[in-house]
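Guided by the hints, dock chain B onto chain A, whose structure is given.
Going down the list, the sequences are from chains A and B. Residue numbering for the first sequence is 3 to 286, as defined by the numbering used here. Residue numbering for the second sequence is 662 to 1061, as defined by the numbering used here.
Please note: incorrect hints may appear among the correct ones.
[Claimed, not checked] Derived list of chain A stretches under chain B, where covered just means 3 residues or more per stretch with a C-beta under 8 Å from a C-beta of chain B:
{"id": "1", "region": "91–104"}
{"id": "2", "region": "118–124"}
{"id": "3", "region": "169–182"}
{"id": "4", "region": "191–201"}
Rather than coming from a laboratory, the hints here were simulated on the basis of the structure. Virtual Cβ for every residue (Gly too), placed ideally from N, Cα, C.
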Amino acid sequence: MKRKKETISSLVARRRFLRKIGGAATCAGAVAAAGTLGVAQKVAAKSESTSGGGSFPTKDYDWTRHQWAFGVDATKCIGCLRCVEACKRENDVPGDAHHFRTWVERYVYLEGDRRARVDSQHDPVNIAASGSEREFRFANRYQGAKVEKAFFVPKLCNQCTHPACVQACPTGATFKTVDGVVLIDHQYCIGCQYCVQACPYGARFFRPQERVTDKCTWCYHRITKGLQPACVEVCPVGARVFGDRNDPQSPISLFIRNNRVQVLRPESGNAPNVFYVGIDKEVS
Amino acid sequence: MDYLVELAPYTGYVYPNETVIPWTVLIVVYPYLTGLVAGAFTVSSLFHAFGMQRFQPAARLALLTALCFMIFVPMPLLLHLGHPERAFNTVITPHWTSAIAVFGYVAGFYVILLILEIWFMYRPYMVQQAQQQRGLAGKLWHVLCLGSCDLSGKALRYDEKWIFALAVVGIPAAHGLHGYVGFLFGSLKSREWWSSDLMPVVFLFSAVISGVALLIVLYVLSCKVRKVAVDLQCLKGLAYVLWGFAMFTLVLEGLEFANIVYKGREGIEMILEYVTGPLLIPFFILQFSIGAVVPIALLSYLIWRGTTGTALIVGVTVSALLVLFQVWMMRWNVVIGGQEIAKTGKGLLSYQLVLLHREGLLTAVSVTVAPLLLLWATVRLFPPWTQDSIPSPSPPASAG
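The shape of chain A in the complex, shown without the other chains (with noise of 0.2 Å):
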C-alpha cells in the first residue's frame, strides 16, 4: 500500500529538483562569476529554502499560519497501545519490534524499589505476552508484585524548536517545517544515519527496505487536511493531545496553559514540542 505521505515526499522531491536545475544554472554562472565559495553558499542556501514555500503540501494549507504542538497526559495513558498498532498501520512502519514512530514506557515501583522497572512494548516479555511482533500488549508481569507506584508514558518525536538531527544532516535531507514539524525527503537521504545518533530522544530509526532514516511526523499528511494525527485519533482516553498554538482554544494550547507542562531533557537544548504533564523524574 502506497503512503500518502509518499505522495507528499514526491511532491517535495519534485520541488527540490527543480530547485536544483535552478540552482545548477545558478550556480554555473557563478562559478565563473563569484568562484567556488560562492557557489557552495549558493548551493547550501538552495538546501536549506524548503521551509520558506507558501502553500504545502496540501492545496490551500498555508504553514505559516500554524504552529503545531502535541501534548501527552500520562495520567490518563492505560497502556493500550493502540497509539502504536495505529501508527505503524498509518504510517507504513516496519512490522516488527525494532522500528517505532511512537512507544509508550511502562515505569513500576514496586514495594521497596528505589529506582522504577521500566519496559516498553518492544520488551521480548511483553511480545510474548502478545504473541506476535505486529500486535502489542504489556504483559501482566507483575502480578503478584506489591506495586506502589506505576504509570505509562507515550514516546513520539518530540519536533524540537533546535532539532539535533536537522543540524546532523549532511544534506538537508531532514529539515524543520514553518508549521514546527521536522520532515525528512526519503528521495534526498543518504542513510548514513548521523541523525539517527544525534537525536538524545532514540525517536529516529532505519527503514531497512527503503534504507533512509524514519521518525513520527505527527502524521503530516493528515494535520496538514484539519484531521488529527492517528495516534491522537485512535487514543481512548485522551492522553494525547494535538492542536495549533496559534489558536489560543485550540486543545492543546488550552492544555498547555490549563496544566504545569514539562518537556524531555530539557538541558539538551533541543526544546522540544511535546509537553508532558504527569511525568515523574526518571523518565527522561
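Relative to chain A, chain B alone:
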C-alpha cells in the same frame, strides 16, 4: 531479513529503536584508516617540511602509504550508506551545520594535495623512466610527466619548493581531516560516551601514533623483503616519535575517561557498569594495558638501554604492532562502545559482529587490507627507495 543481523541483545531498558545498532564495524574502520593517513603524512612532513634528515628513507613510503589509504577512506562510508548513489548530495547541497557535510571537500582537497606532492616528488623519476623505457611503457611515463621533462637544477629546485609548500599545507589538511572525525563523535550531545571536547584531540594523537606505527612496520617489512639493512637512525627516529606521541595519547585518553567519571553526569552509573563489565577487557586490558602501556614501557626500555641492531628492530616493530592494535581497539571502544550504552542511561546493548554481511567482519577486513594491496602495487610502479639513484629533492636548507 538482512537487517536482523544488526539487532542487538540488551539488558535494562533501551529505547525500542535503539535495538538496531546504527553504526557498524565499518564505522570503526573509517576513523582507523583516516588516522593511518594522518599519521603516515606526519612522518613524510617531518622530512619534507621540517627537514629531519633521518626520516628520509621512510619519507616517500610514508607519502605513498598516506595516498593508498586515503583512496580507501570513503569506502567504508559508502558501504555503510543506505543510498551510496546519493553520497554526492553531501557535496552538491551540503548542509553546513553537519559535520559530515565537510567530509567530501576536505577529503577531496587532501587527495589532490597528496597526488600533487607525490607527482612533484616522482617527476624526476618519471622523466628518467620516460627517457629509458621504449614503446607503450615509455609513452605512458611520458604522459605521466605531463610534458614537464626538465631535469635541470632550476627545475628540481622548483619541485622542491612545491613539495615543501604542499607538505606544509598538508599538515593542517591531514590533521584537520582527522580532527574532524573526532569532532563528528565529540560534538554529539546525545551520547555521554562521545560527547567530549577532548575527543578531536584524542583522535588526532591516536591517529599520529597509528600512522607512525604502520610506517615502522611497513618500512621494516619492506627492508626484509628487499633484503637490505634497516636504517637504524631512521627507525630510532620513528621510535622516538611513536614513544612521545604514545605517551601523550595515553594521558589524553586517561584524562578523557577521568572527565566522564569525575563529572558524573546523568547516566554515569550505566557507563561505570559498562566499563567495569563488558568493556573491562577491550578498554582496560586490550587498549590501555596491552596496546598502550606495554609498547610505551618497551620503547622506554629500548631507548633507555640504547638498544641497537636486531633487538632494536624487533622491539620497535613489536611496539608498533601493539600500537596499531591499541588504536584499532580505541576506535572500536569509541564507535561501538558509544552505541552499546543506551541513550536511556538505563540499559546496555551488545553489538553483534557477523562474518558475512554487507557490514560484516569480512568486509571490514577487506577494506582495511585493500590499501596495503594498492600500496604493494604502487611501490612497484613508484619505488620509494630509489632516491639514491635519481635526483632527489633535499629538505629546505632553512628548516634543516
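To see whether the hints hold, each was checked on the structure:
Here's how the region 91–104 of chain A fares: 4 of its residues keep a CB closer than 8 Å to some CB of chain B, so the rule of at least three is met and the hint holds. Residues of the region 118–124 of chain A lying with their CB closer than 8 Å to a CB of chain B number 5, which satisfies the three-residue condition for coverage. Coverage of the region 169–182 of chain A by chain B holds [criterion: at least 3 residues with CB-CB distance below 8 Å; count 7]. With 10 residues bearing a CB less than 8 Å from a CB of chain B, the region 191–201 of chain A meets the requirement of three and the coverage assertion stands.
When the structure is compared with the earlier hints, no violation turns up for any of them.
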